[in-house]
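Trainee: Kindly generate the complete structure, drawing on both the sequences and the hints.
2 protein chains.
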Amino acid sequence: MTKKFNNVYVADTYTIASIYEKNGPISNYFDLIYNKDFYYGTDTFEKAEEKMLSNSISKLINKVKLVDSDIDYVIAGDLENQIAASNYAMRDFNIPFLGIFSACATFAEGIYIGANFIEGKGCKRVIVSTSSHNMVAERQFRNPTEYGALKKKTTTLTSTGAASILLTSTKSNIKITSATAGIVQDKGISDVNNMGAVMAIAAADTIKRHLNDLHINADYYDLILTGDLGVYGKEILIEYLKESGIDISLNYDDCGLILYDRKKQPVYAGASGPCSSALVLCSYILNEMKQGKYKKVLVVPTGAIFSATRLFQKSSIPSIAHAIALEAI
Amino acid sequence: MTKKFNNVYVADTYTIASIYEKNGPISNYFDLIYNKDFYYGTDTFEKAEEKMLSNSISKLINKVKLVDSDIDYVIAGDLENQIAASNYAMRDFNIPFLGIFSACATFAEGIYIGANFIEGKGCKRVIVSTSSHNMVAERQFRNPTEYGALKKKTTTLTSTGAASILLTSTKSNIKITSATAGIVQDKGISDVNNMGAVMAIAAADTIKRHLNDLHINADYYDLILTGDLGVYGKEILIEYLKESGIDISLNYDDCGLILYDRKKQPVYAGASGPCSSALVLCSYILNEMKQGKYKKVLVVPTGAIFSATRLFQKSSIPSIAHAIALEAI
Numbered sequence: 005m006t007k008k009f010n011n012v013y014v015a016d017t018y019t020i021a022s023i024y025e026k027n028g029p030i031s032n033y034f035d036l037i038y039n040k041d042f043y044y045g046t047d048t049f050e051k052a053e054e055k056m057l058s059n060s061i062s063k064l065i066n067k068v069k070l071v072d073s074d075i076d077y078v079i080a081g082d083l084e085n086q087i088a089a090s091n092y093a094m095r096d097f098n099i100p101f102l103g104i105f106s107a108c109a110t111f112a113e114g115i116y117i118g119a120n121f122i123e124g125k126g127c128k129r130v131i132v133s134t135s136s137h138n139m140v141a142e143r144q145f146r147n148p149t150e151y152g153a154l155k156k157k158t159t160t161l162t163s164t165g166a167a168s169i170l171l172t173s174t175k176s177n178i179k180i181t182s183a184t185a186g187i188v189q190d191k192g193i194s195d196v197n198n199m200g201a202v203m204a205i206a207a208a209d210t211i212k213r214h215l216n217d218l219h220i221n222a223d224y225y226d227l228i229l230t231g232d233l234g235v236y237g238k239e240i241l242i243e244y245l246k247e248s249g250i251d252i253s254l255n256y257d258d259c260g261l262i263l264y265d266r267k268k269q270p271v272y273a274g275a276s277g278p279c280s281s282a283l284v285l286c287s288y289i290l291n292e293m294k295q296g297k298y299k300k301v302l303v304v305p306t307g308a309i310f311s312a313t314r315l316f317q318k319s320s321i322p323s324i325a326h327a328i329a330l331e332a333i
Numbered sequence: 005m006t007k008k009f010n011n012v013y014v015a016d017t018y019t020i021a022s023i024y025e026k027n028g029p030i031s032n033y034f035d036l037i038y039n040k041d042f043y044y045g046t047d048t049f050e051k052a053e054e055k056m057l058s059n060s061i062s063k064l065i066n067k068v069k070l071v072d073s074d075i076d077y078v079i080a081g082d083l084e085n086q087i088a089a090s091n092y093a094m095r096d097f098n099i100p101f102l103g104i105f106s107a108c109a110t111f112a113e114g115i116y117i118g119a120n121f122i123e124g125k126g127c128k129r130v131i132v133s134t135s136s137h138n139m140v141a142e143r144q145f146r147n148p149t150e151y152g153a154l155k156k157k158t159t160t161l162t163s164t165g166a167a168s169i170l171l172t173s174t175k176s177n178i179k180i181t182s183a184t185a186g187i188v189q190d191k192g193i194s195d196v197n198n199m200g201a202v203m204a205i206a207a208a209d210t211i212k213r214h215l216n217d218l219h220i221n222a223d224y225y226d227l228i229l230t231g232d233l234g235v236y237g238k239e240i241l242i243e244y245l246k247e248s249g250i251d252i253s254l255n256y257d258d259c260g261l262i263l264y265d266r267k268k269q270p271v272y273a274g275a276s277g278p279c280s281s282a283l284v285l286c287s288y289i290l291n292e293m294k295q296g297k298y299k300k301v302l303v304v305p306t307g308a309i310f311s312a313t314r315l316f317q318k319s320s321i322p323s324i325a326h327a328i329a330l331e332a333i
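Listed in order, the protein sequences are those of chains C and S. Each residue of the first sequence is one higher than the one before, counting from 5 in the working numbering. Each residue of the second sequence is one higher than the one before, counting from 5 in the working numbering.
Each hint should be verified, as a subset may be incorrect.
A pair holds if it fits inside one copy or across any two, identical chains being indistinguishable in the list.
Below, a list of computed lysine-lysine pairs in the BS3-like style, where the Cα atoms sit at most 27 Å apart [stated by the list, open to error]:
| id | residue 1 | residue 2 |
| --- | --- | --- |
| 1 | Lys-191 | Lys-63 |
| 2 | Lys-212 | Lys-128 |
| 3 | Lys-175 | Lys-8 |
| 4 | Lys-125 | Lys-8 |
| 5 | Lys-155 | Lys-63 |
| 6 | Lys-40 | Lys-318 |
| 7 | Lys-300 | Lys-125 |
| 8 | Lys-246 | Lys-8 |
| 9 | Lys-212 | Lys-318 |
| 10 | Lys-299 | Lys-212 |
| 11 | Lys-67 | Lys-26 |
| 12 | Lys-179 | Lys-268 |
| 13 | Lys-297 | Lys-67 |
| 14 | Lys-125 | Lys-179 |
Note that these hints are calculated values from the structure, not bench results.
Mentor: Here it is, written out as structure tokens:
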């Protein structure tokens with residue numbers, strides 16, 4: 005379902021990134037970089053992720069000179085089981101919390117819900133947050149990094165960081181113009197080392213429905229941006245859409261290929277994790293929109309619903325993608 | 005944050021329950037009972053939960069004589085890591101999906117979001133769903149049942165089933181009048197065998213804010229109903245609220261004590277799992293409201309954010325509760 009919005013704006017954002025992101029091409033755009041280690045001043049990777057998420061919220065609230073009680077909701081989720089980073093981080097705030105999970109499309113789902121709340125005059129200010137942590141994801145979904153397991157070249161590298169965005173009904177220079185909620189897709193793929201292939205179908209479905217619902221062509225946007233398809237998933241998406249007569253080859257990129265430089269960094273097919281699209285959108289892309297490089301941008305974070313338990317039961321991996329349209333005004 | 009609603013109604017519900025629920029006191033109120041085994045015609049417990057959740061949605065859509073395209077969103081979540089039951093079940097539908105996680109308070113969070121969407125005129129029909137499965141929860145959070153681990157008497161028993169509710173803007177005999185979003189609480193408790201104690205503080209906080217925001221007393225409601233505090237958590241909540249001058253001792257019960265009969269069934273402190281409050285609300289309670297036994301009901305499902313990883317790291321267990329107010333009209 006595609007919703008149009010007339011009263012939803014981006015007030016500000018706060019981004020926190022780590023070592024790989026510091027070494028990537030857009031490191032100048034982050035609000036805070038912690039690249040001493042992966043612990044962020046805590047004693048476990050999970051607590052580091054929690055603290056990054058918490059800090060991204062508190063520092064955003066400070067940045068816009070507000071206090072907890074000015075924020076109607078925080079909507080957040082992450083990759084940890086029980087979205088633990090978000091739930092634990094929210095102990096630090098006296099703000100109503102709605103926990104969401106859409107794998108690496110979580111940030112877009114949060115913006116979708118928050119924008120609907122604001123458009124419906126249900127509230128004035130919503131913070132949407134997400135995080136990911138390379139070491140947390142490795143030991144939960146793959147192998148602890150210490151094992152030194154080899155990787156396939158189609159594997160992506162989970163980004164480390166947190167991003168928060170403040171949505172508001174007060175006019176700003178970035179408007180959220182519309183959004184399309186995802187429908188779960190499953191093409192029967194079960195290769196956990198090729199999530200780009202798993203998720204490309206979800207991005208294709210959401211982009212097609214978005215363009216159809218609004219009666220626009222792909223070139224309506226100066227930039228279409230998927231979340232973390234990586235270099236191979238990106239090719240697959242272009243092919244999928246070509247089959248439907250949609251050409252995005254000229255105005256399309258993937259956040260996973262913007263956050264890291266595959267030629268210089270050991271990041272396989274690119275960056276992944278809910279934080280990838282959130283970091284890229286909330287730093288580099290919004291900045292370029294404000295600078296006039298892009299006027300209309302469609303961000304389509306993609307999520308693979310990878311469950312280790314289900315994989316052992318020989319289930320394939322479903323995926324979903326939500327689309328958010330932004331406009332510099 | 006407490007929101008008042010003027011245009012949100014319950015169109016209908018569909019409930020599916022299993023063996024323990026069949027043997028409990030309200031078994032006559034469920035739409036479907038499958039008590040042959042815990043597999044529900046599949047070959048794993050996880051696939052059984054997925055199929056129950058999927059069936060609760062498809063059978064609800066059939067019951068109200070609609071089709072997929074009449075439903076604007078399904079909002080769902082469950083206890084499985086990556087809310088896998090919901091995500092996998094949603095492969096069966098061509099309906100936009102928003103995945104949520106608030107542990108055993110998930111159903112209330114879904115109703116909160118769905119009601120806001122409808123009230124804001126963002127859509128007309130939302131299905132909110134949740135599920136839980138005893139064997140799935142045991143092996144994910146505790147020990148596989150086959151191990152025969154002993155239980156403390158403060159332990160609750162995760163219910164098995166799925167429930168779906170259709171919210172609509174079309175007037176019906178059950179109105180959702182208001183709702184309060186939860187704020188994460190943490191009193192430093194880390195006893196995984198006493199979730200009632202963990203969650204009572206969250207219920208107390210949400211009930212207090214709900215009553216304060218609406219300027220009403222606890223006796224405004226004919227019935228206040230928590231989700232799965234169990235027999236000990238129930239006592240703790242009554243004490244917590246007494247300290248704030250709020251007496252709920254006369255009009256309060258817990259869904260975990262309605263779904264099962266502790267005197268006749270081996271269920272320790274009562275039922276738990278997101279499905280407990282969803283099953284009780286969507287079957288017995290709504291029926292009693294329609295029959296005139298209760299006019300105003302406040303349902304307050306509670307969730308403990310129990311993460312095994314965090315427990316090994318000596319973290320305490322945060323909790324949250326969301327409140328939904330319903331009225332028979």
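Trainee: Against each hint, give a clear statement of whether it holds in the structure.
Mentor: Right, here's what the structure says about each hint:
| no. | hint | verdict |
| --- | --- | --- |
| 1 | Lys-191 - Lys-63 | between (41 Å within a copy, 25 Å between copies) |
| 2 | Lys-212 - Lys-128 | between (31 Å within a copy, 23 Å between copies) |
| 3 | Lys-175 - Lys-8 | both (16 Å within a copy, 26 Å between copies) |
| 4 | Lys-125 - Lys-8 | both (14 Å within a copy, 12 Å between copies) |
| 5 | Lys-155 - Lys-63 | neither (36 Å within a copy, 44 Å between copies) |
| 6 | Lys-40 - Lys-318 | between (40 Å within a copy, 25 Å between copies) |
| 7 | Lys-300 - Lys-125 | both (25 Å within a copy, 26 Å between copies) |
| 8 | Lys-246 - Lys-8 | within (26 Å within a copy, 47 Å between copies) |
| 9 | Lys-212 - Lys-318 | neither (30 Å within a copy, 47 Å between copies) |
| 10 | Lys-299 - Lys-212 | within (21 Å within a copy, 46 Å between copies) |
| 11 | Lys-67 - Lys-26 | within (22 Å within a copy, 55 Å between copies) |
| 12 | Lys-179 - Lys-268 | neither (35 Å within a copy, 59 Å between copies) |
| 13 | Lys-297 - Lys-67 | within (25 Å within a copy, 52 Å between copies) |
| 14 | Lys-125 - Lys-179 | both (16 Å within a copy, 20 Å between copies) |
When held up to the earlier numbered hints, the structure conflicts with 5, 9, 12 and fits the remainder.
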